[in-house]
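Undergrad: Residue numbers (the numbering used here), protein chains in the order written: chain A, 424 to 847; chain B, 424 to 847; chain C, 424 to 847; chain D, 424 to 847.
A hint or two may mislead.
[As the list claims (entries may be wrong)] Label-pair ranges, simulated between beta-carbon atoms:
| id | chain 1 | residue 1 | chain 2 | residue 2 | range |
| --- | --- | --- | --- | --- | --- |
| 1 | D | Ala626 | A | Ala732 | 26 to 34 Å |
| 2 | B | Glu589 | C | Asp736 | 50 to 58 Å |
| 3 | A | Lys827 | C | Asp550 | 42 to 50 Å |
| 4 | C | Lys583 | A | Ala569 | 35 to 43 Å |
| 5 | B | Ile522 | D | Asn525 | 42 to 50 Å |
| 6 | C | Asp457 | A | Glu618 | 51 to 59 Å |
| 7 | C | Asp550 | B | Met735 | 47 to 55 Å |
| 8 | D | Gly488 | A | Lys777 | 55 to 63 Å |
| 9 | D | Lys524 | A | Lys777 | 21 to 29 Å |
| 10 | D | Ala626 | C | Thr782 | 35 to 43 Å |
| 11 | B | Pro519 | D | Lys836 | 29 to 37 Å |
Simulated from the structure, these hints should not be mistaken for lab results. None of the values given here were measured: they were computed from a predicted structure. No residue lacks a Cβ here, since even glycine has one placed at the ideal position from N, Cα and C.
Number of protein chains: 4
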Amino acid sequence: MQLEKYTIDELNHQQAKKHQWRFNGVAADISNIDDVLKKLGVFNIAIPSWALGTGGTRFGRFSGGGEPRSLEEKIEDVGLIHALNKSSNAISLHIPWDIPKNAVAIKALAAQHGLHFDAVNSNTFQDQKDQKLSYKFGSLHHIDKAVRKQAIEHNIEVIKYGRQLESKAISVWLSDGSNFPGQLNFRKAFQNTLESLEEIYAALPDDWKIWVEYKPYEPNFYSTTIGDWGQSYLLANKLGAKASTLVDLGHHLQGTNIEQIVSLLLMEGKLAGFHFNDSKYGDDDLTVGSINPYQLFLIFNELVEGMDAKGMDHATSIGWMIDASHNVKDPIEDLLQSVQAIKIAYAQALLVDKTALVTAQNNNDVTLAQEILQQAYRTDVRPLVAEASLRNGGTLDPIGAFRKLNIRGNLIKERGLKTVATGL
Amino acid sequence: MQLEKYTIDELNHQQAKKHQWRFNGVAADISNIDDVLKKLGVFNIAIPSWALGTGGTRFGRFSGGGEPRSLEEKIEDVGLIHALNKSSNAISLHIPWDIPKNAVAIKALAAQHGLHFDAVNSNTFQDQKDQKLSYKFGSLHHIDKAVRKQAIEHNIEVIKYGRQLESKAISVWLSDGSNFPGQLNFRKAFQNTLESLEEIYAALPDDWKIWVEYKPYEPNFYSTTIGDWGQSYLLANKLGAKASTLVDLGHHLQGTNIEQIVSLLLMEGKLAGFHFNDSKYGDDDLTVGSINPYQLFLIFNELVEGMDAKGMDHATSIGWMIDASHNVKDPIEDLLQSVQAIKIAYAQALLVDKTALVTAQNNNDVTLAQEILQQAYRTDVRPLVAEASLRNGGTLDPIGAFRKLNIRGNLIKERGLKTVATGL
Amino acid sequence: MQLEKYTIDELNHQQAKKHQWRFNGVAADISNIDDVLKKLGVFNIAIPSWALGTGGTRFGRFSGGGEPRSLEEKIEDVGLIHALNKSSNAISLHIPWDIPKNAVAIKALAAQHGLHFDAVNSNTFQDQKDQKLSYKFGSLHHIDKAVRKQAIEHNIEVIKYGRQLESKAISVWLSDGSNFPGQLNFRKAFQNTLESLEEIYAALPDDWKIWVEYKPYEPNFYSTTIGDWGQSYLLANKLGAKASTLVDLGHHLQGTNIEQIVSLLLMEGKLAGFHFNDSKYGDDDLTVGSINPYQLFLIFNELVEGMDAKGMDHATSIGWMIDASHNVKDPIEDLLQSVQAIKIAYAQALLVDKTALVTAQNNNDVTLAQEILQQAYRTDVRPLVAEASLRNGGTLDPIGAFRKLNIRGNLIKERGLKTVATGL
Amino acid sequence: MQLEKYTIDELNHQQAKKHQWRFNGVAADISNIDDVLKKLGVFNIAIPSWALGTGGTRFGRFSGGGEPRSLEEKIEDVGLIHALNKSSNAISLHIPWDIPKNAVAIKALAAQHGLHFDAVNSNTFQDQKDQKLSYKFGSLHHIDKAVRKQAIEHNIEVIKYGRQLESKAISVWLSDGSNFPGQLNFRKAFQNTLESLEEIYAALPDDWKIWVEYKPYEPNFYSTTIGDWGQSYLLANKLGAKASTLVDLGHHLQGTNIEQIVSLLLMEGKLAGFHFNDSKYGDDDLTVGSINPYQLFLIFNELVEGMDAKGMDHATSIGWMIDASHNVKDPIEDLLQSVQAIKIAYAQALLVDKTALVTAQNNNDVTLAQEILQQAYRTDVRPLVAEASLRNGGTLDPIGAFRKLNIRGNLIKERGLKTVATGL
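Just chain A, same shape as in the assembly:
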């Protein structure tokens, strides 16, 4: 299923007047409106291939209907999302769930939907059928060299698939850790991980990056071998210039000041990018912006400030990706909400009056600094996001369009009610 331009135009046409009026209302107060719209227009967030099906927990999974049954159908879903919001022009594959059998054909299909391939992701947190050695006790950190070797080779294979699709980065998340005191020697586990990553690093093409993710707990509940940003940074630093630290918003202990970490990683040139989601407790993988949208804005505020300070291009210098689990929402709707939330936060951050903020900070005028941030945050930037989408040929209201066009209904007709996509 692919959306036609006239379908989208027609929908937008119905809402055009109202939109124009709202847009004018907001835009009038914004001095850098063109710059904001331009930046919003080129900003894209990649969709992970494993996020197109209903997610679940250890307690169960309640699938919806019309889930993609193949990599081709996943690309089709991302194509639909991108057609609606014009902000999701890339897909991030997970190997081995999504091994492209025919890379040329897959690339052609993606291109047809205006998509390219973002970072590829390896998986050593599960055992695959017919896998020789088990990852029950970890992979790159494993006490047994043979298991490490198997995991290293898997990562190198993932890079191989990625090259075929013109990806430029591999994203490594390790669940390696321990459930009980005594299970691991932390130092050896760390050193084994480093050695393993060094072998993968050695296999990286010249123009590739390796993104090292961290997470404090789950699925291991006593220690995780790459447990926080400091541990990831330590590894990335030892590995070299192509290695950097990937921030998943849900991978922090409660109370962590994530925006500060983002700022420091940017400062050190070691911020790889993001896995976006939201959470109230742990790695809850909820829709971006559904629990604490102000925190999301504060993160984007650091990103805009920090990237500008380094002359980095917002859209392309680091990786932008969603990583959420859609347990009670339609996966496509959930992703559309997430992308909207990200663009809203980005737009708000672009509205921050930096000159005034620097002055307030120089004066330790804390009240005013807060007023400046909240002036941007409280502005209703939805018309700006809509306008940027409109100018790119997307819809003014992606979720509304998804529903009006009965896209899920059509997918169910095509694919059936009982399909289950690969993923968690």
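Given the coordinates of chain A, assemble chains B, C and D onto it according to the supplied hints.
TA: For chains B, C and D alone, kept in the frame of chain A given last:
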């Protein structure tokens, strides 16, 4: 110092055109605009007498200038706040920091500023000079009947002062708890607390309420005898109809769903009211809405829904008060920001399309339910809050006015640079 | 597989001398040694039927070998545990995973192993094959009366199975909650839950109890309808005398003082019992005593004190059960470790010098109160636990025995290497 | 007041028989008993000068009697502690609270008590009387170069005092941070801190170290500029070989795996040492080992393993210090309890069967690894700690001795009931 009407009118006049244009922009989309403005207009949040000076931590306190040196000057400060925002028509006293020596004169002074007296607060978490028995090991829960008696009498005395000022409630926060396992028998501590509260309850005038606050930790770091809403509820329930549970937003473990607690307390008829502040870690006592404004909105969403379901009047059925500590901001500015944040959250909650929300909930349409809440939340309601203030004779922009009028400068001139108000 | 008496005797004989020497060393300092041994001797902790297979997380499950393939084999496993430690004389069934097809035969089999049936557990957190209505959006709290009805009937059916096996309680854990703000009306969800529980309560036999569990989050990550002890207590109180609150140690926000909750529930006569496990982050379901054994001791200290104050029999007045997930350990070994940890904590609690503690508390002698608790805690009570096991015909060292007898090896021979038990 | 040898001998004599019997019981099972006793015998934990008075919170402080009124009396108190436990042979000074007016005399006094001077501590988290510029908005991270300069000079002055006393390290804890989003530019704050530390580093004598402490929050509640181990490590790494990271046990977000951090810092050669205390919530500064003694043991387990792997001397390679606040206990008793808890944890760690543990880890035998750790932990090592104290001329039971000798009573007689020591 007291603000003249023409001063405020002049300030508003300068901003009138811009305000009108913004207000019209937002109001056009709101069907129940009159109702919203009316409700905002009568909504007031009490200012605690101890919040008018610079706060501190155990590590130190960095006072500003021009802090009120007496109860009279505290009333003057609240009068200034109320003149600016027309939403702070009450002051909440803390005994023994603010014992009114001449209740008649104090009441007259308050009335002159358009103020009345909200709940009175007792203090058994510190020893006062010349106090006979120490609260080092607690007050109403104390193992020693004599200490309990002293604390009970103090509370009854607080009620006496409150009656003189026409307060209608006593707010009881106990720091009683323990720092180490073994220090306390939890059961006996609870039962002593109950007995003590029963004696205070017996001394309540007919038209009074007693509000029982809870807090998980600080200043005790192992247990607190009224540690969570369940423990407060248990006490309030045993005490009777005049007793209910006071919610301080900072008094929760990380991750607590406060809005759910609010909803259930309302359901049970046991929600006394609020101490508003914001926090990232514990009882940080930060400006309301400075850390997680969406949570504040969600709390107000429950309040509006729950009060409407019971036919309760929003403005008067429960207690609304700020309880924050202003360590790095001008206390008056901090309070003005807090009141604005509360009114913004309340306005957003009033905009929620309840009918649509109920339908979405009935359909388990989780995506739509989120859209409905965020439609209200993302609306820029500041022009509504400003309009409500304007109609009441307040300023369009209270903090801006405070600065333009150089109020702090004037207070410093009057009171001096090295004044320190009583409080924490 | 069933252990013979002589096998155990032989093992014990080898260690007898060393044990006797150690036991004498510790016992010499304990005035109430006979009482302690007697109490330890009659203390049993039930084993849940779902804990005999390898557990997992949403990220994967790495099964071991020789897992029980049927209810009969699960009973056999519990029989082995009980033969080794003489402290696990009951099994707690989970319906529908363990529906007894022939209750008479099942009871006979259990009796043959010296086992009876503890509380039965219902399951409305997953959809079963061919289930009419889905629990995707909850069960007893569901907005749709038909779903609630289905869940009520399931619970009543669970009671029916329990009666056949002479269980005396049903344990209800609901995952009902919401992932996003707006998804639920908290009040209606609570009231629906109450109504549903009332219908189940009405179906309880005269001599039965209903145990209402609480949990703050997972599998729902915004709200849980029975989220804390206060909410469970509120329900149990409204239901009546047969209803009480079940405490799962992992079901608390970080920092919760669980021992205080235990004390208060005992005080109110509303403590149903325990699901034991340990955790560092959330509901990690780790081996009891593996992360914070002092907390476990403090809980038992409250239990012993509180039950004694009410004249309750330790062994039988409330429910004792393990609820853990064995992701990286042999399930039987994990359960043996858990039971040992519980008995150690119980033994330590029995050693607390209550008279001295009360005196210290009356004097606010905090240092001494800590010394008294730690005097008991730091005592090496393992010889007491071993002696109690020995006197009951169990082994001195259950895990050592499990390994020496190569029990898992034998089970794998019997059942195969690729068996997977039902459960999480 | 100074304890005489015969006083201590007499006390020990009374308990000698019982002690010997207990010691023999435990020692019989320990193969490396001589090594353990030797290591315990040379292990000392420094006492901070600010910990000899009653601590408090922002809500109040309830002083006891007989608190030291001068540096001399503080030294006397540490002398008493050391006389009792023979494990506290150093004092750590806090400037400006304890500026030694006559260094020669102070050193002589300390030597008379068998004490020397551990790390000196600077204080830029409070304003001192007559201080030119305020630290309200931070010190080494301050936006204003003049404030940074003042703070740098203070630190250099602290080093000067330390040199006079033959300290060999300066310990820097900065409260620098922010209370509100927008208040700080994180990057600039970090870079200012680095520059400031570089100036202090440049002033370090050749044989000195600088220890950089971290803390997530309090007294700032939004961000702390050196907020976690990663940020401290980053600074220490940029500074050079003399800089390393100091771990205060209470300075972590809930759930942090502190022992893993300790292991990695040791691996990197960047572990400066410890500020010991315990906590349930945040920086509660409770008696060491009073809340989670197993965690303390796990930390020592990493220390012993990691130091042995590097051939580091346990007693002298890193800094050992207590940093607690004694709100409801006698400060000296609290410190004695803390030192005992540390020695117990250290002794337990020395008992871990490393060979067996490595084998278990190599086999991923998680059950056994736990058994090995808990075998050491559950051993009652108090007789070993007592024996080590006895052999050094200390008491078998320091707290008991403190009480029997009525030391506090004597101090009150000497110093009065209403003394208040400097500190928090």
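Undergrad: May I ask which of the numbered hints given earlier this structure violates, with the numbers listed in increasing order?
TA: 3, 4, 7, 9, 10
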